[in-house]
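Participant: Sequence:
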Amino acid sequence: MTEPAAPPAPRRTSALAIAALACGIAGLTVFPLLASFAAVVLGLMARGELRRDPTLDGGGMATAGLVLGWIGIAFALLGLLLLLALILLVL
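What the sequence shown shows, in this note's numbering, is residues 4 to 94, in sequence order.
Calculated from the structure, these hints are not laboratory results.
Label pairs and their in silico Cβ distance ranges: (1) 92 - 32: 20 to 30 angstroms; (2) 36 - 94: 17 to 27 angstroms; (3) 83 - 10: 45 to 55 angstroms.
Glycine included, C-beta positions come from ideal geometry on N, C-alpha and C.
Between the sequences and the hints, there should be enough to build the whole structure, so can you do that?
Facilitator: Structure representation (structure tokens):
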């Protein structure tokens with residue numbers, strides 16, 4: 004008798020992708036500019052890691068972290084521009 008084949012091992016998720024997503028969310032809520040920059044850097048690093056190692060999962064998380072990071076940076080820059088405009092209007 005032959006034994007049934009073992010199920011395939013579950014794929015690992017990239018820690019960089021998880022960190023990029025967490026920083027992207029934090030960049031929109033808790034730490035606006037700092038976490039957004041970290042999300043962009045970690046997202047780019049995660050995408051490179053996923054390209055090099057096809058056994059890893061997390062492409063969607065890496066992309067989401069990257070997008071959230073850029074959105075957070077855009078919101079922060081827009082807020083700084085509005086603050087500058089407000090200061091110039093008051094003076």
